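Asker: One letter stands for each residue in the lines below.
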Amino acid sequence: MWTFLVQGVFQGAVYGLLAVGLVLVYKGTRVFNFAQGEFGSVAAFVTWGLLLHTAVPYLVAFVGGLLAAVAMGLLVERAVVRPLFAASRLILLVATVGVALLAIALTVLAAQPQARVLPPAVAGEPITVAGASVLPQQILVLVALAAVAAGLAGFFRTDLGLAVLAVSQDPVATRVVGINPVMLSRVIWGLAAGLGGLAGLLQAPVGIFTPGFMTATTLLPAFAAAVLGGMTSLPGAFAGGVAIGVAQNLGIYLLGQQLAVPGAAELTVFGLLLAVLLVRPQGLLGKAA
Amino acid sequence: MALLEVRDLRAGYGSVPVLHGVTLDVEEGSNAVLVGLNGAGKTTTLLALAGLLASESGEIWFDGQRLDGLDARRRVRRGVVLVPEGRRVFPALTVAQNLRLGAWPRRRQRRLVGTALARVHGLFPVLAERRHQLAGTLSGGEQQMLAIGRGLMAGPRLLLVDEASLGLSPKLVAEVFAAVRQINADGVTVLMVEQNAGVLAGADRAFVLQKGRVVFAGAGGDAMQKTLWTAYFGDPLAEPGRR
Chain A
1 MWTFLVQGVF QGAVYGLLAV GLVLVYKGTR VFNFAQGEFG SVAAFVTWGL
51 LLHTAVPYLV AFVGGLLAAV AMGLLVERAV VRPLFAASRL ILLVATVGVA
101 LLAIALTVLA AQPQARVLPP AVAGEPITVA GASVLPQQIL VLVALAAVAA
151 GLAGFFRTDL GLAVLAVSQD PVATRVVGIN PVMLSRVIWG LAAGLGGLAG
201 LLQAPVGIFT PGFMTATTLL PAFAAAVLGG MTSLPGAFAG GVAIGVAQNL
251 GIYLLGQQLA VPGAAELTVF GLLLAVLLVR PQGLLGKAA
Chain B
1 MALLEVRDLR AGYGSVPVLH GVTLDVEEGS NAVLVGLNGA GKTTTLLALA
51 GLLASESGEI WFDGQRLDGL DARRRVRRGV VLVPEGRRVF PALTVAQNLR
101 LGAWPRRRQR RLVGTALARV HGLFPVLAER RHQLAGTLSG GEQQMLAIGR
151 GLMAGPRLLL VDEASLGLSP KLVAEVFAAV RQINADGVTV LMVEQNAGVL
201 AGADRAFVLQ KGRVVFAGAG GDAMQKTLWT AYFGDPLAEP GRR
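As you go down the protein sequences, you meet chains A and B in turn.
Residue 1 is where the first sequence starts when you use the numbering used here, and the numbers rise one by one after that.
Residue 1 is where the second sequence starts when you use the numbering used here, and the numbers rise one by one after that.
No wet-lab data here; the hints were simulated from the structure.
Values in this document were obtained by computation on a predicted structure and should not be read as measured data.
C-beta atoms are modelled at their ideal positions from N, C-alpha and C, and glycine is treated no differently.
Be aware that a few hints might be false.
To be verified - Computed, partial: chain B to chain A, Cβ under 8 Å:
1. V76
2. P91
3. Q97
4. P105
5. R107
6. R110
7. R111
8. R150
9. F216
10. A217
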């Protein structure tokens, strides 16, 4: 069982990374972004395509994937979010679902509906960590999560970072002090998309990946993580991600292995999400709305 | 030429017109007050001047240049700064962070920002004491001081102050008004919207707004009775004492 718990921490790091992007967009623009996972899928496919069709080094392909995710984020912001900004949040939510489905369809067109393999950023045999066998790539995910946490903490001390926090508290007041709301919206979506891209690029090499893989496997646990963390708390999203990863693996072990319940992983995540929404809808670190 | 010249300004919310042609002049260095009943269009006027509400027609001239058509950000850069109704401080940021964001248009001019901060702390010592406190935990009076201080951080030439006295005790109202008078004495032109008639006594100029139009414009102190009469009884010609 210990192995499952340790594996859960590493799996949860990806959820946390994706959840941070969800929270950032939710805080800044009050949008539940169902396209967050596709920033990761698209990034993984762009990097995979660059490696397949060009001779660029891995790092260049990796950065290319990240930039593609950021570009997609900016495009979504310009083409979908801004025109609908005065619309109800429900319409925006549905619009992001549309963006996700469109992105999946376009990836299928471009890369065929097949499972692909992306080489890991750090290769090597599994390492034993606290008694569990872990891929070096998974350790990289955890390191990336810590680096992103530190980077964001630094970012929120800058003027621009403060402005992002401010717009989540009072969008009108940010206009009163002379901050350009369009610029802020771009920063938030670009940053969130970059984080989503990073999550996808780090997750893809852990197994095989298909079009829409981040939406199919990672988006809902990341939502659960964000909700568990309170939806507006960035540290909550990090911690929530790891907690969901651990709980999911615990579920796989207890329900799946011991009791042979099918779909134990999904069951655990949905059960936890429901339980949080029923018992403590403001999340563990969030404030009551 | 006045610092602010507003000509036949019309604005509203969606299909509901509120301002039906507001015309007023504010001289540089003066302390002007806009009074009127609820719904007369006082806040709407300030929002339109600050660029938070698009005007439908009319002209806004500031220091000889057209302002209407510019977004809020550009107006703040030119020195037209709003202290909004209800304070609207950033509740989950500290006092210091709120003030720092107030200086957004000139955030790279560190020395100017430092000078402005010292001035705000001089004007409102409580903001210096509480600089690490979250703005949402301040009292109403302190939040109003923070809202005014945040406005000063931008380096305004014209400060638009919307209902600074709302919800404050008489003692705090006096403090806030004294601070605004000091800001004006330091060279910032002030246009205040007020329900509190006490502010008229010290004003250089007063405008009475009624149903989206300026129905009376006159010197502050002397006009107090007239403006009050107009504001509350509606007919600018039916002054008290005139039979």
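Asker: Each of the hints needs a verdict: does it hold here or not?
Answerer: Hints and how they fare:
{"no.": "1", "hint": "V76", "in the structure": "holds (3 Å)"}
{"no.": "2", "hint": "P91", "in the structure": "holds (6 Å)"}
{"no.": "3", "hint": "Q97", "in the structure": "holds (6 Å)"}
{"no.": "4", "hint": "P105", "in the structure": "holds (5 Å)"}
{"no.": "5", "hint": "R107", "in the structure": "holds (5 Å)"}
{"no.": "6", "hint": "R110", "in the structure": "violated (11 Å)"}
{"no.": "7", "hint": "R111", "in the structure": "violated (16 Å)"}
{"no.": "8", "hint": "R150", "in the structure": "holds (7 Å)"}
{"no.": "9", "hint": "F216", "in the structure": "violated (29 Å)"}
{"no.": "10", "hint": "A217", "in the structure": "violated (27 Å)"}
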